[in-house]
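**Student:** One letter stands for each residue in the lines below.
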Amino acid sequence: MNKDQQFQNQIKQTLDRQSVNPETENALRKARQAALAQAPDGGMPRWLPATAVACLLMIVVGVLVTGGDHPDALPPITADELAVIASEDELELLEELEFYIWFEEDKNA
Amino acid sequence: MDPPVKQALDVFFRESERKAYLMAMALIHNHHDALELVQDSMLKLVQKYQHRAAEEWGPLFYRILQNAIRDWFRKQKFRQVLGGLLPWQVSDNEPVEASAETQVQLDDELARVVTALNRLPLRQQQTFLLRAWQEFSTRETAFALSISENSVKTHYARATRQLRRMLRDEDE
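Protein sequences, first through last, are from chains X and H.
Read in order, the letters of the first sequence are residues 1 to 109 in my numbering.
Read in order, the letters of the second sequence are residues 1 to 172 in my numbering.
Mixed in with the good hints, there may be bad ones.
As a list, the in silico DSS-like pairs of lysine-lysine whose alpha-carbon atoms are at most 25 Å apart [claimed, not checked]: (1) H/48 to X/30; (2) H/44 to H/6; (3) X/3 to H/153; (4) H/48 to H/19; (5) H/19 to X/30; (6) H/6 to H/48.
No lab work stands behind these hints, which were simulated from the structure alone.
Given the sequences, and given the hints that come with them, work out the whole structure.
**Tutor:** In structure tokens, the structure reads:
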């Protein structure tokens with residue numbers, strides 16, 4: 001263990017000695033309970049009805065606008081893509097891809 | 001929420017909440033706001049990430065908390081600027097907390113360390129606390145602070161060097 005590590009360990013041990021008063025302990029317990037109480041239940045995901053409506057709308061609009069086959073048209077949007085477009089949660093998931101990449105790399109490291 | 005997930009989250013929070021609060025207090029010195037930031041971070045983790053694997057919760061929770069702390073500093077800065085320009089607009093400022101010692105019990109040695117820590121730039125404080133105290137890896141710290149691993153190494157080395165110098169100088 002080098003000098004830096006010894007010093008860091010010493011600081012860690014000092015910081016570990018901190019304690020909070022009973023009032024704060026109580027407030028933290030309440031905060032935890034409040035957070036857990038507000039968790040969404042295991043039923044239908046919030047975004048599902050909105051996604052279904054958005055999918056239906058996109059299909060109707062697509063049919064009305066294109067009105068038939070167009071050889072040069074872009075490939076049709078898949079149901080998965082529609083779900084991503086319509087769902088805020090899915091968008092957040094995509095935005096956090098860096099986390100998944102990091103997590104996989106970390107596991108393999 | 002599935003009962004096993006709820007139970008696992010409850011255990012995770014029990015293990016993390018005290019250190020998360022103390023870390024927030026070490027950085028912002030405001031008991032009420034530190035509690036609020038920890039509670040908001042818990043809530044966000046539950047609402048957005050409860051379905052993630054339990055081993056992912058730690059880095060995610062601290063990322064949410066560190067972002068909240070950064071936003072807190074931005075708001076303080078904004079209030080200061082606004083206070084300078086329009087003093088009457090911020091007359092409802094909360095009173096400054098008496099001291100961290102009223103909520104967190106510090107002995108002399110601890111007080112010295114915390115005081116020295118607070119003299120470092122915020123990024124160095126955050127990096128040092130996550131690496132040395134929370135024992136996050138360089139990679140986990142980089143994720144929690146949304147910075148590169150090289151930046152973590154630089155901040156950590158500088159923080160360690162500065163802290164050692166400050167604490168040694170006090171001893172002499």
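**Student:** Determine for every hint whether it applies to the structure shown.
**Tutor:** Each hint tested on the structure:
no., hint, in the structure
1, H/48 to X/30, "20 Å, holds"
2, H/44 to H/6, "14 Å, holds"
3, X/3 to H/153, "16 Å, holds"
4, H/48 to H/19, "22 Å, holds"
5, H/19 to X/30, "16 Å, holds"
6, H/6 to H/48, "13 Å, holds"
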